[in-house]
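Produce the entire structure from the sequences given, and follow the hints as far as they go.
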Amino acid sequence: MKPAVSVITLGTTDLARSRRFYSEGFRWTPVYESDVIVFYQLNGMVLGTFLTAELEADMNRTGLRTPGAFALAHNVATAGEVAPLIAQLAAAGGRVIRPADVPPHGGLRGYVTDPDDHAWEVAWNPGFSMDDAGNVTFGL
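Counting along the sequence shown from 1, when you hit position 62 you're at 645 in my numbering, and nothing is skipped either side.
These are computed hints drawn from the structure, not numbers from a lab. Hints are all accurate, no fakes.
Pair by pair, the computed Cβ-Cβ distance ranges are: (1) 588 - 712: 18 to 26 Å; (2) 626 - 689: 18 to 26 Å; (3) 713 - 624: 13 to 21 Å; (4) 674 - 643: 35 to 43 Å; (5) 643 - 589: 17 to 25 Å.
From the three backbone atoms N, C-alpha and C, an ideal C-beta is built for every residue, glycine too.
Structure (structure tokens):
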């Protein structure tokens, strides 16, 4: 089996607020929208934002909680892109939880949450290569 993640679905309490964050912050265009879910085509995978009550029904699971110990990451091609993207995400409804700074392993990173408190790392890592489509390859 090939290692892959095809779709990541995040619960949201307000689909319009979430759409603003992803459409205006990351500048991602929805490829599908309904009253309960929005899908964004990313390079090689899909991100969905789904009303939490509908996600619970779809999963046959109740009591989904606020996000916990995980972060999604959006890597950029240069260090100079990190801080402006963090500012753009904050302007689109996100909350900066760590301004851009240098981690112990080098590079540059910062963290922003979306309106539903899902954490996103915005990072430039000199040990990763990135192709023109934005695909990242680990290469330390």
